[in-house]
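There are 4 protein chains.
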Amino acid sequence: MPDESLLKLYTKTRNQSQLACRPLVTEDFGLQAEAFTSPPKWHLAHTSWFFETFLLKPFVAHYRTPNEQYQVLFNSYYNGVGEQFTRGRRGLLSRPTVDEVMAYRAHVDQAMAHLLSDANHPQRDTITTRCRLGIEHEQQHQELFYTDLKYSLAANPLYPTYSNAPPDSPHLSPEPAGPADLQWREYTGGVVTVGVDTDQAGAHAFAFDNESPAHSSYLNPYALANRLVTNAEFQAFVDDGGYQRPEFWLADGWATVQQEQWRQPLYWQDRDGRALQFTLHGLQARLPHQAVCHLSGYEADAYASWAGARLPTEMEWESAARAQPFTPTEFEQDKLHPGQARGAEPLLQLYDDCWQWTGSAYRPYPGFKASPGAIGEYNGKFMANQWVLRGGSCVSQGGHVRPTYRNFFYPQDRWQFSGLRLARDV
Amino acid sequence: MPDESLLKLYTKTRNQSQLACRPLVTEDFGLQAEAFTSPPKWHLAHTSWFFETFLLKPFVAHYRTPNEQYQVLFNSYYNGVGEQFTRGRRGLLSRPTVDEVMAYRAHVDQAMAHLLSDANHPQRDTITTRCRLGIEHEQQHQELFYTDLKYSLAANPLYPTYSNAPPDSPHLSPEPAGPADLQWREYTGGVVTVGVDTDQAGAHAFAFDNESPAHSSYLNPYALANRLVTNAEFQAFVDDGGYQRPEFWLADGWATVQQEQWRQPLYWQDRDGRALQFTLHGLQARLPHQAVCHLSGYEADAYASWAGARLPTEMEWESAARAQPFTPTEFEQDKLHPGQARGAEPLLQLYDDCWQWTGSAYRPYPGFKASPGAIGEYNGKFMANQWVLRGGSCVSQGGHVRPTYRNFFYPQDRWQFSGLRLARDV
Amino acid sequence: MPDESLLKLYTKTRNQSQLACRPLVTEDFGLQAEAFTSPPKWHLAHTSWFFETFLLKPFVAHYRTPNEQYQVLFNSYYNGVGEQFTRGRRGLLSRPTVDEVMAYRAHVDQAMAHLLSDANHPQRDTITTRCRLGIEHEQQHQELFYTDLKYSLAANPLYPTYSNAPPDSPHLSPEPAGPADLQWREYTGGVVTVGVDTDQAGAHAFAFDNESPAHSSYLNPYALANRLVTNAEFQAFVDDGGYQRPEFWLADGWATVQQEQWRQPLYWQDRDGRALQFTLHGLQARLPHQAVCHLSGYEADAYASWAGARLPTEMEWESAARAQPFTPTEFEQDKLHPGQARGAEPLLQLYDDCWQWTGSAYRPYPGFKASPGAIGEYNGKFMANQWVLRGGSCVSQGGHVRPTYRNFFYPQDRWQFSGLRLARDV
Amino acid sequence: MPDESLLKLYTKTRNQSQLACRPLVTEDFGLQAEAFTSPPKWHLAHTSWFFETFLLKPFVAHYRTPNEQYQVLFNSYYNGVGEQFTRGRRGLLSRPTVDEVMAYRAHVDQAMAHLLSDANHPQRDTITTRCRLGIEHEQQHQELFYTDLKYSLAANPLYPTYSNAPPDSPHLSPEPAGPADLQWREYTGGVVTVGVDTDQAGAHAFAFDNESPAHSSYLNPYALANRLVTNAEFQAFVDDGGYQRPEFWLADGWATVQQEQWRQPLYWQDRDGRALQFTLHGLQARLPHQAVCHLSGYEADAYASWAGARLPTEMEWESAARAQPFTPTEFEQDKLHPGQARGAEPLLQLYDDCWQWTGSAYRPYPGFKASPGAIGEYNGKFMANQWVLRGGSCVSQGGHVRPTYRNFFYPQDRWQFSGLRLARDV
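Protein chains in written order, with the working numbering: chain H, 7 to 432; chain X, 7 to 432; chain P, 7 to 432; chain V, 7 to 432.
These are calculated hints, taken from the structure and not from any lab test.
Hints are supplied without guarantee of correctness; some may be wrong.
Copies of the same chain look alike in the list, so a pair counts if it fits in one copy or across any two.
Here are the simulated DMTMM-like cross-link-like pairs (lysine to aspartate or glutamate), alpha carbons at most 25 Å apart as the crow flies [as the list claims (entries may be wrong)]:
#, residue 1, residue 2
1, K14, E253
2, K375, D431
3, K18, D131
4, K14, E74
5, K63, E336
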């Protein structure tokens, strides 16, 4: 990627983070409902910290940070960089203020523009690579911005509306017609290639280290559903006593259901006979043909079990996804909720509605090597106890997702835009 | 109290709450570091809710609240009023915004002004009594505003400064001379009268229900220290291994020391050989002759035990305090930390530096009756497991404290401006 | 007390501990259902440890303990003696075995007999005093043996029967007639004397340090119920929604009710329309005129509030109890459950059915001084956060209780034989 | 398997469970140090319950259980059978006594002998299959008996000795010579077959459902260490600050190290300069060439990372193990601790010292189907969040392990006899 387009992509990405804040009032910037979420302001600062830590401090002579303490305050989890401010207390950082964080962003942006313009920097290649990583990192945080904000706003009984989408938005209004019946797409399996070969990838391509190396995997024949499970389908599971019947659940999932008193997906509400759900567009009707969203891995697995199916493995998903053209849709600021299946590809809703839980544990690919130094903590150290999700969601940034992308969360996590595509043996 | 002066007192008190917010940035209004603290914004709203709930809704025909949900959001603990929003999650209420809460205050103030001006209201006496209670209630929250804010700001490693007091303030600068030696004032005891006889109190006097009835109590002869324990004195306890020696501690106190890893009073910090403390004026030097502050009841008791003394009972304290003229000082916005003993009364620092832990459990006085209805929940239901503190502090509002005032907190609580006056048998 | 009768009392008490174990199988000796209970075997060992630690080790030259590690294993809470084995893990000490603990007891008994027979020991007075303390200490543990065992057996759905009392025992069979109506006994109050003057007590008298010094206390006129609250009366509270109505509860009590999901007293069970309760005689019918038992202080307080009365203070209780002859009944091994009121004294059921919660916080008497050294930890360090109970219970040892006795537990504790006598102002 | 040999195997296995109890005193039978362990008595009862529930109740007309409540008391986790007594409170079941449990075992054995002798039973095949499952189930509990007992005995500072092995036992005495250097065995990988094809297995073969179906898997070339990691090697990791350096640890592992304050493997103790470890033979010297044991998966993974290697996958392990003759050693009652590597096979210590952590998450094999009904809960529902261990250990029963066996525990679990064999890419 030539430096000019890199700077352009950098600038576009950085602006996007601030655009997303427009509907916020100052009071919203500090919201952190649980330790696993971060306040909007912290996302803004941490993504700047990332560029400062991994690019400006090592590669810009005499770079001056606005505040030495930001190194600790906005370090997420990089032990190689030093101490971290306690994760669950990020909401207590009323200072620096929003204005000060915006100034921090501007300070970093100015220095970055200067650095990226230095065509003769001796570390130019590393700078390019790391800058691209920082951009993708910020795009990940843009998605987390939405998921975290939604979770925190939901803690307020006033149910604040983040985005006032037009009332006739297709994802908010009664659907004229249901989706086509669920259809099964069959795949033959055998030895398939999955993952990314970084040497062979094109000059502009980007992939995280956890997507590499490319390698062979053996698959039995299998079938995938052409679309995601819908609200109406999941409602049938609920109505059939799904949350009261242990036979559908993994043991750890069942324990979680009991402990957390789960009775339906996160954000679902039944009030006075109306089926509602909290969305970034406020409290809205639950539309039957929308993809069901905000499931934990346990709920996804239990639904599949109830439906006589199973979750796909990540290799099955990737192999099938690579068999059809890759056309992710653009991110739309006024469509922040998954919609219903539309189109004619073999597999619909791959990238633009909900992340799809797979049955695969998040582990390193054969031959995986983390980068040396703190940047190697980006992915590798999380490769235990989490499950892989594939695809993308309505709050993923355009251009950020791809068939090889490996997202990962704990199976009890529900606050992501996570749904489910069924699989079965053939 | 004539209605005119009541309205004047009402207005003065309400303005004071807002004056206290001047140094805050918008981001500070939502800070809640622990469940036992409340955000500044919540204090502003809850005190308004109190007037609305106990005066406007019952006594103003056709009163309209700005938002029906405020009844739940800003109810602290009144089961008789209905549900309460979860205490530990008040910091998540980014909405209503600060502006909206200020508008709520204005709305209530306008309606209150109207109500207080209605000289012919059939419930005039009740209105007067309750309004006075609401004013005292708001003054209590003004003190909590400071204690809670201090606690929450302290969670930020940037140690924000709330108030920029002049650098030559006597409570921030090295003290020219130490206080007089600690002197013991002796009292004969016997049958004494404590508490307030509401019928006999003057027309303008106010006391909380927990200060009544006036009653007799038998005291053995005793002595009280003329001043509070100082930082230097408490430092000697620390240096003598006070926090490592169980023999000075109550069993529950010792368990708390172990569990919480207490090693010195809250807000004390030793950095690079400098003795510091966090104050509302920022991180400051710990002055040796200042009253030691932010002790739990357990620490106060352990110190007394180490010093060969004990805590006074609340009856001893009150009886002695009533034996000398009552002259509380005015609250000063730029003096938000306890100072050193000055003056010539028998007992110094009674009301203006730190609340003083007593050895008395907070229980009802003989013959105590809580008011009927929700307002009866104000004090009575808390009369278990807490200890009484007497006096007042540098963040108490002028006119709010008096010799009979019973403050109460759990013995493990440290975030109040709480210190210690020694007592002993004679 | 002459040495001869002291040895006799020692021997009788020690034997009683072992008699109480007769109905146990070996497997029962290690039961510890919660950290606040101790296994039967541990009680047997700890009471021996007490004599060994405070008498044999300091006063017998060349005394040899069977096992040096017992010093830690069987130390309850005496920091002055050194480390303690973790309280909640006492049930994990399968070794020493029951036989080894019995051998430890015999070893201590032999050495004690020798020591008590040494009329010329230079520390004879201290030995006599401490031995008497050790005896009273063991009697306390005899009561704890029953309360702890009952709690642990109740964890077993087989509901093991500890004692097969005759089926026509009056405390297990339908009562021929109800008790006389509750009657109120009035007392004038004024300055009363409470507590024990150790110098004036007779040569044989014993009292714990927490009962001293004798001192004056001022009481308003008051009345006490002549008998304890019954199962039938408490059932009426339950049936009136007592556990669902916060207006009767202290705030901390109400929080406990919610958290612990209390719906009725500990050990009550309703099965197939039958009102049952678990007792040391197995699962038995709940008799309406029995004293209600196993209440927490919060439940006792809430009942009193519902009944328009209150808990007595410990001073009221003691002053009234001292006004009538003191005649505690003997402990009976086959009557291990409270019965119904019988007799004609002004106050019935003072000592032989249930301990009676008072509204007094457990604090030191004016002038109280703990003994020096580890033995001073016996009572003094617990004087915070607990409530005083007065009287005695069906599982108290005969001769152990008296009008000045101060028992104490946390207000949330329910596993003691604790009930309630109403009081009111006059 | 002909019925005669099945009954023989049944009887041998049942006797073995009781033989293992010989060194116990009655008091030991109830020990349960943590919820994840079970008391010896419970293992004895639960294994009998298994035969009763899945064989006697369904297949023996008029079978009478000694106690209907055993169905709940000794149900481990089978929701399909009904309620379960709380897992963490099994130690509180002093009744049924040891004798009663032994009588329960005899009752079940007699009924089983009768059932197995009925050659004409219409459900003969199912009976044979389930009986074999019950036998293997009991063998698993025999291993758990040792791991759980060791953990519970370790909670006692007296460090009871379970087995007095001869003092010259090779696993307790200084080793004459070290093991050969660690050697790497290389494997080519490619498409390999793993798992068990139940139809093709011989008539006598047994495998759990989680070992099926046989299926293909693709492996890159890899190498395995010929022996397990030793105490001396692990000591080097400890000495190099392994427990203080986050760079070697998975994020969840590092969090566990901090929270649990791990500093060395479970049961290691350093006293007065001596390197000790608690074993079932008491507190013993830590021998340098013994396989290091009682590692969590996190510790195993961190060690491998520090050593520049990695954990094998379960497929790598199985494929390599199947490439050499399978010769597990017999279980020896006086060798209850892992020893050092001896022999000449390519891979040593496969089955007889420590289970070996793999890097594979425990998930179903492609095409896995759980059995219908409660028995289907045996394995399938645990296929989340656990890691696979392969091999066997010094406390595994002879004949119970095999190359395809999949053991599984949570990565934080340390109380199993779990060690580590290194792997690396080639």
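Hints numbered earlier in the text: which of these fail when held up against the supplied structure?
Hints 1, 4 and 5 contradicted; others consistent.
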